[in-house]
Amino acid sequence: MATRTMTIEDAKAGEVTHAVYEHPFLVRLCHWLNAVSLFVMVGSGLQIFRAFPSFGSKIPQKNLLDWPKALALGGWLGGALQWHLTFMWIYILTGLVYVGYQVFTGNYRQVLFVRRDVPGVWPMVRHYFFFGPKPPVREAYNPLQKYSYTSAIGLGMLSVLTGLAIWKPVQFSWLAWLMGGFHLARLWHFLIMWAMLSFVFGHLVMVVLHGWQNFASMLTGWKKDSGYGSE
Amino acid sequence: MLLVFRGFNPMSSRTDPRRFKALSRRELLKLTPIVALGSFAIAGLQKPLLKAGLDFSDWASAKLFRSGHLAPTFRDSDLTPFDRFPINDYDVDDPGVDFDEWTLTVSGAVQKPGDYTLDQIQALPKLTQNTRHVCVEGWDVIGQFGGVRLSDFLEMIGSDPTARFISLECADDYYESLDMATAMHPQSLLCYEMYGHPLTREHGAPLRLQIPTKIGYKQAKYLTDIKVGHVLEKIGYWEDQGYSEFYGL
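From first to last, the protein sequence lines are chains A and B. Start counting the first sequence at 1; every next residue gets the next number (the numbering used here). Start counting the second sequence at 1001; every next residue gets the next number (the numbering used here).
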């Protein structure tokens, strides 16, 4: 897919800026709806977890952690299930629309981590965490970003599949079987949530580090001074 | 300033700062539908919206239910030991049922209403199954249950084949209901035995529901009344507190 670019000429100041259309409307819409629903899914999920905060047997029950009620959503198990079973539809729908759109338009090439990206991961890690030199910016996402986003999409799919195995362990008994049964599927669902949260944490840190133009691009689609594109 | 394009790009265009700002604003405004999610934060709207979400999930659950699909069964060696099979009540472990006087009262859209004794029920073909019992709280156990098929009992009482629900009353004032598709499922039992022994009082003696395709709270204990109907007058105790009505597994 050809990248839409824009040359902004300020006649008075005699300045020329470049902008790249990085995020199509549907991608932005799905991103924010999914972000809100993920927040609700985690909050209500942790309240659901509070009803049986263990992955062992019920008798005797050994609690894994006592998650504070203040950091959970729904007030009680029934309330949390209402939030969870309502927002899961938004979570799934935005995920499907996003993936469908990316595949249909070919825009997935912007974000899908492929073998060609592998050698570029380490230089980015070295740059971010070990004060290495900044690798040249060639496209919207660097290899480490592609790796992170592709992982996040994968985690999103796994969160839905493990959730389905817990919600419908009989109708989707093959899915529950693949995960080692209802009991283990519940553990995978929980662990995937933490993996997703660690992605969100890293994502937010990067958003803060990369400044306003980068953040604004997920709102308007356009990123000014991208450092690549038409120059 | 010299612009060097990497090849011909038909999607590149020129503009000025004012028009770029207007373009950005238009793109931003396209996202306003997201604000609609804020209605979940409005006190008066939150409850009906979540109810609608839960109802939609129940509708999808009923669609996903396949009457011929069996719940997984397990070997005896997979059973959770009987003394580690949890007992959950909303009220009391033992509502003090008088076993000598106990009958199951049948009413509603049936040809043969009346009181049925445990002997009459146990005269139907017996089924024993090792299935998983899943609690809404998140724990699960594998138990061994013996009883008669609910579908056999419904046939015995001459249940109207067009009826859509059955409602159940319990000795501890608990109440529940089942959709007919689930009631007719070949693994749905009127259960009077666990682990080869008569049901103990805390597990719902003398008769309880045991339905491997439903969540635990739908599997009412201490049954006293069963009513076949076309409309649902009462859904269930926990459902009235806000739990899912269908909750099929």
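In short, the hints are calculated from the structure, not lab data. From the three backbone atoms N, C-alpha and C, an ideal C-beta is built for every residue, glycine too. One thing to keep in mind: the hints can contain errors.
Said to hold, decoys possible - Computed footprint of chain A on chain B; a stretch qualifies when at least three of its residues, placed anywhere within it, have a C-beta under 8 Å from a C-beta of chain A: (1) 1099 to 1105; (2) 1123 to 1130; (3) 1221 to 1231.
Unchecked claim - Dumping the calculated DSS-like pairs for lysine-lysine here, alpha-carbon to alpha-carbon at most 25 Å: (4) K1234/B to K1047/B; (5) K134/A to K224/A; (6) K1051/B to K1063/B; (7) K12/A to K224/A; (8) K1021/B to K224/A; (9) K1227/B to K1126/B; (10) K1051/B to K1234/B; (11) K1112/B to K1126/B; (12) K1234/B to K1112/B; (13) K1051/B to K168/A; (14) K12/A to K1021/B; (15) K69/A to K58/A; (16) K69/A to K1030/B; (17) K1063/B to K168/A; (18) K1112/B to K1021/B; (19) K224/A to K1030/B; (20) K58/A to K168/A; (21) K1047/B to K69/A; (22) K1063/B to K1234/B.
Claimed, not checked - Per the computed footprint, the stretches of chain B lying under chain A, defined by three or more beta-carbons under 8 Å from a beta-carbon of chain A, are: (23) 1058 to 1067; (24) 1134 to 1144; (25) 1199 to 1207.
CA of K1112/B to CA of K1021/B, is that 25 Å or under?
-> Violated. K1112/B to K1021/B sits at ~77 Å, over the 25 Å cutoff.
Agreement of K1234/B and K1112/B with the hint, judged by alpha carbon distance not exceeding 25 Å = Roughly 22 Å between the alpha carbons, so the hint for K1234/B and K1112/B holds.
Sort out whether K58/A lies within 25 Å of K69/A, counting only the CA atoms.
-> 21 Å, holds
Would you say the segment 1199 to 1207 of chain B counts as covered by chain A, given the rule of at least 3 residues with C-beta under 8 Å?
-> Result for this restraint: violated, n = 0.
Straight-line alpha-carbon gap K1234/B to K1047/B, limit 25 Å = Roughly 20 Å between the alpha carbons, so the hint for K1234/B and K1047/B holds.
Take a quick look at whether K69/A and K1030/B sit within 25 Å of each other, Cα to Cα.
-> Judged against 25 Å, a Cα distance of about 36 Å means the pair is violated.
If you draw a straight line from the CA of K224/A to the CA of K1030/B, is it 25 Å or shorter?
-> 19 Å, holds
Mind checking the alpha carbons of K1063/B and K168/A for me, to see if they're no more than 25 Å apart?
-> It holds: about 12 Å lies between the C-alpha atoms, which stays within 25 Å.
Is the straight-line distance between the alpha-carbon of K12/A and that of K1021/B 25 Å or less?
-> 16 Å, holds
Sort out whether K168/A lies within 25 Å of K58/A, counting only the CA atoms.
-> With a Cα-Cα distance of about 20 Å, the restraint between K58/A and K168/A holds, given a limit of 25 Å.
Between K1021/B and K224/A, does the CA-CA distance stay at or below 25 Å?
-> 11 Å, holds
Given that the segment 1123 to 1130 of chain B was listed as covered by chain A, double-check it with a C-beta distance under 8 Å for 3 or more residues.
-> violated (count 0)
Going down the numbered hints, you'll see the structure goes against 1, 2, 3, 16, 18, 25, while the others check out.
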